Amino acid sequence: TISCRIYTTSVDSTQVNTSGEASKYGLAPEDVPAFIQTLPAYTALRVRGLMTLARFSSEAERVRECFVLLRTLRDQLRQSAPATIALDALSMGMSGDFEIAIEEGATVVRVGQAIFGARTLPDSHFWPGEASQ
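The opening residue of the sequence shown carries number 1105 in the numbering used here; numbering runs sequentially from there.
A hint or two may mislead.
Unchecked claim - Pair by pair, the computed Cβ-Cβ distance ranges are:
id : residue 1 : residue 2 : range
1  : 1129      : 1220      : 38 to 46 Å
2  : 1148      : 1207      : 20 to 28 Å
3  : 1144      : 1215      : 27 to 35 Å
4  : 1143      : 1212      : 17 to 25 Å
5  : 1150      : 1183      : 16 to 24 Å
6  : 1228      : 1150      : 30 to 38 Å
7  : 1224      : 1192      : 17 to 25 Å
8  : 1138      : 1223      : 32 to 40 Å
9  : 1132      : 1224      : 30 to 38 Å
Hints listed in this document are in silico derivations from the structure and should not be mistaken for laboratory results.
No experiment lies behind these values; they were computed from the predicted model shown.
Just so you know, even glycine gets a beta-carbon here, dropped at the ideal spot from N, CA and C.
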């Protein structure tokens, strides 16, 4: 017989709800430190950073607050995070606010609509059962 083991490792970011909006997912900022401490127990996970979606606002400073909060949280967590948690990535900023995110330290931005244009399908196509925002 042939025995084969497949090991998978997930490299991801922990999503943080920096806006406090109910329409956004992620951990509350105050819950992140305890969550990060539990991660070494899950050996298949390799968390490399934090991510957020800023509040939807035309006021740049309100958007910036979300990015500043995530960067500050990451900087604080680096002091106490387990050695296996790098926290090198800050994934924040989308097509409408990526410039602000970069100014605040983003290492990953998501600019699909700026490159490919607006989606032709509603969000409900991708997330059935979710109400359109």
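Quick rundown of the hints versus the structure:
Taking the beta carbon of each, residue 1129 and residue 1220 are about 23 Å apart, not inside 38 to 46 Å as hinted. For the hinted restraint 20 to 28 Å between residue 1148 and residue 1207, the CB-CB distance of approximately 35 Å leaves it violated. Between residue 1144 and residue 1215 the Cβ separation comes to about 33 Å, which falls inside the hinted range of 27 to 35 Å. Range check, residue 1143 to residue 1212: about 19 Å between beta-carbon atoms, so the 17 to 25 Å window is met.
With their beta carbons about 20 Å apart, residue 1150 and residue 1183 fall inside the hinted range of 16 to 24 Å. For the hinted restraint 30 to 38 Å between residue 1228 and residue 1150, the CB-CB distance of approximately 32 Å keeps it satisfied. As the Cβ distance of residue 1224 to residue 1192 is approximately 35 Å, the hint placing it in 17 to 25 Å is violated. Between residue 1138 and residue 1223 the Cβ separation comes to about 36 Å, which falls inside the hinted range of 32 to 40 Å.
The hinted window of 30 to 38 Å between residue 1132 and residue 1224 holds, with their beta carbons roughly 34 Å apart.
Comparing the model with each earlier hint shows violations of hints 1, 2 and 7; every other hint is respected.
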